[in-house]
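This is what each chain is made of:
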Amino acid sequence: MGLGRRLYRGEIDVDFVGKWRLWYSLSGLLLAVSLAGLLINGLNLGVEFKGGTIFSFKSSQASVEQVRESVLDQGVHQVIVQQAGTGGWRATTESLPEDTRAQVQSEISKDFGVPLDQVSIQAIGPSWGGEVSEKAWIGLGVFMLAIILYLSMAFEPKMALAAIVALIHDLVITAGIYAWSGFEVTPATLLGFLTILGYSLYDAVVVFDMIKEVTAKLGHTSKQTYSMAANNALNHTLIRSLNTSLVAILPVAAILFIGTTVLGAGTLKDLSLSLFVGMIVGTYSSLCVATPLLVTLKEREPKYQAIAKRLASTGGGAKGAKNSKKAAAAKG
Amino acid sequence: MLLALFLALGGTMFLQQAYTPKLGLDLAGGTTVTLSPVTQNNAAPPEEILDRAVNIIRDRVNGTGISDAEVAKSGDNIIISIPGVGQNEAIKLVATTAELRFRQVLAMEATQAPADLATNAPTPSASPSGGKSDEPSASDPAKPKASEPVRPPASPSAGAPQPSTSPTGKALSSALVAPTPSTSAEPSATQSPKGQDKRGTKDGKSTPAPSDEPSQPPAEDPNATGINTEGIDPGVLAQFKKLNCADPANRGQGVQDDPNKQYAGCESDGSFKYVLDVAKVVGTDIDTASAGVRQGTTEWVVQLDFKSKGAGEWSKLTTAAYNSQEPRNKVAVVLDGVVITAPNIIGPIPGGRAEITGGFDQASATTLADQLKYGALPLKFNRSSVDTVSSTLGQDQLQGGLIAGLIGLALVVVYCLLYYRGLGIVAVLSLVVATVITYTSVVVLGHNAGFRLSLPHIIGLVVSIGITADSFIVYFERIRDEMKEGRRSLRSAVEVAWVRARRTILIADAVMFIAAIVLYFLAVGGVAGFAFAMGLTTLIDIVVVFLFTKPFIALLARVKFFAKGHPLSGLDAERMSEVGSTGRTTTPQEA
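Chains A and B are the protein sequences, given in the same order. In terms of this note's numbering, the first sequence has 95 at position 95, counting the first letter as 1, and numbering is strictly consecutive. Quick note, this note's numbering runs 1000 ahead of the 1-based positions in the second sequence.
Hints should not be assumed to be uniformly reliable.
What the hints assert, rightly or not - Computed list of lysine-lysine pairs in DSBU-like fashion (alpha-carbon distance at most 35 Å, straight line): (1) B:K1073 - A:K58; (2) A:K58 - B:K1280; (3) B:K1073 - B:K1022; (4) B:K1073 - B:K1280; (5) B:K1309 - A:K50; (6) B:K1307 - B:K1261; (7) A:K303 - A:K158; (8) B:K1022 - A:K110; (9) B:K1550 - A:K217; (10) B:K1022 - A:K50; (11) B:K1242 - B:K1073; (12) A:K50 - A:K217; (13) B:K1073 - A:K50; (14) A:K212 - A:K110; (15) B:K1280 - B:K1316; (16) A:K19 - A:K309; (17) B:K1073 - B:K1241; (18) B:K1373 - B:K1307; (19) B:K1550 - A:K212; (20) B:K1241 - B:K1316; (21) B:K1261 - B:K1280; (22) B:K1280 - B:K1242; (23) A:K158 - B:K1073; (24) A:K217 - A:K303; (25) B:K1316 - B:K1242; (26) B:K1373 - B:K1309; (27) B:K1316 - B:K1261.
Worth flagging that the hints you see were computed from the coordinates, not collected in a lab.
Modelling step: build the complete structure from the supplied sequences, incorporating the hints.
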């Protein structure tokens, strides 16, 4: 049977929990690489964070050189010219006073035969980026607190902790990818980062819900340790997790495709790129980080230690999650 | 219930004949200005002050006659949305503080003019003739905010302005006398005094050869020594000495003047610096302001009517100035910390009217009048971002967003059908229902609650397709679980699975909703719109799953095609690997 078919029939049984060492070291490595990237390369902050002016217009007859000259003629010191989609142009300069902005606008209009009101201007003050990122940090903090509270109530504090750690894991790795790749970070990217939070948790919540249901039945007589039960639950929701992630990533991929090919640089691309990267990382972490972490935390509880001990001594599925299949089969 | 919702939304759309959503400026084209308050230590300004600022800005925007503009608060920021482009004047108008103060001049000094300043503002206005300010500025001045005198509003003749002759009591002084002459220390030659210069130029009667000017030593105005320091606060005097008006930073936005203290400030073009007394008359003393052309001239002026208290103060202030020695016979009109004009007062001005001249053109006079009329902003603001989107760029983005949405939707539909077969149809129909509800909600909100669809909204909606679809997936997988156990009929499996799936869906949606709320209230700019879309679709998701998907599946469970597990239904036995077949039989429920 092919993998797809086995997946479809729910016959897949991957030992996510038992391989925790592998996942932890993989994630540890990824985190280290990401942090190194952040420290060495830093993030490539967009003009929105540094302050500056962006002129956008459409013209089929312009070239990068022409646009550059046309803008620099107006007493502008720095300009980055980008092509944005088909016939679209984007010239990014330092912060310009209002008069200069108007001059550049009319010069572009004249040089490339674009009506004046078809030259878009985006002017960002130098303090704006600081404000955006400050708000983002506050938002992040409040969000995490709210989630910890909510998950502690809906589930339990250890699940909340595991979910939050997985979430920070996702954010750091996504940021690391941005640092190494040099993708530009704009407010739209931040927006994407913040949304990843929701997704990353959404997936973890569904998995945890199943784990909670399964492990609630664990008692003195049960034949499964917490790890085994959790792994079972994880496998059980695996199809759903993969389906969900795929279904979530498909529209994002569509936006990324359109944003990159048709429109070029801009909000659409920035946002969907960070979502795309974040969702992939998020899917990995909800399977391979959140649950193993939860298990590590829970197995320390006396109740589950007792079960593990008992099973170990009787040999009934002693070797942890790996034997879950056997144990289950024995029962079934 | 769902039907009721449909009818309500659809009915509203029909009644209002509104079938398309209102578009935000990033899609329709227009200018969006974000104003951030400038406060000490970056402390958040009190809510009520921000609200007041919003109201004043709204009045000002409406006063300009721009239709459909919007002013809204977003966190500590104020966001102004103006449709169409090329409204630079309007943007300037709405964002400046417009704190007007009338202060008696205590001392003044010409700036060491840098070369360029000297060249364009140089006129030997020294001659008292320049003083014929009444002169209608035959040649329309560019738009120099020179310190032109405050003039009697109804001064009889353009030619010879005798304060005494001004017919009505409301006339105010006109500063015909060039500031210079009387002070001994100030050789008339040095008069670079801007005000007169400008006037001179305008009048065309002066002999402005710019080139002469630099040669004159107006720069080092000797009167530094001649300042009468009596009554001047030493601290302010020190500031005055240090003040460099050639630096635009000292006369731009962000200059603060405390009305209850003496103040050292610059003329708007940097030509003079002043020590000014405490403000005796302030903007709030103004009853109304209007822009007009001074009678018998082509010169634009701003006319002020004071409230009764203000009129009394104004009368006192002008009387005091009238009785003082040069340069204390001038009253400076200070706008946002910058002196826009400082005319001589030639007589007390009772009657509560005044007229400000200052080389205005129609636009600048109207702007100032509007600012004064609607009141000063209680806060200073930075224009932290100005975003002008042309209509074509907006269309491109709208198109891109919609195409992306359609592609995304199509991919999800194809996937659902391939994977879930018959059940996939339920998913697709549910998505269609969700899309219709979302669309009608957006339209209805747009026409009734001022909701404008912008790019972040569209992205939020597209991204949310995944969330909505996920609810179905959770439910379907649960049904399949129940079926796999093999001990249930489809009909009971649908019910049992629902109880379990419902809880998961609610918890997961709650997490999304918390995310949306936190983002909405704490984020800036487009983030709020995105969060709004996310929150909206999360709610719609719950509505659809509860009111459509679940009942619909329950209905299908009675249909033979599904109940018997037809291979295309997605519920067939073979696909379920039901009990008895090889492989794993454990389900978590059995653990």
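Against the earlier hints, flag every one the structure doesn't satisfy and list their numbers going up.
2, 5, 11, 12, 14, 17 and 23
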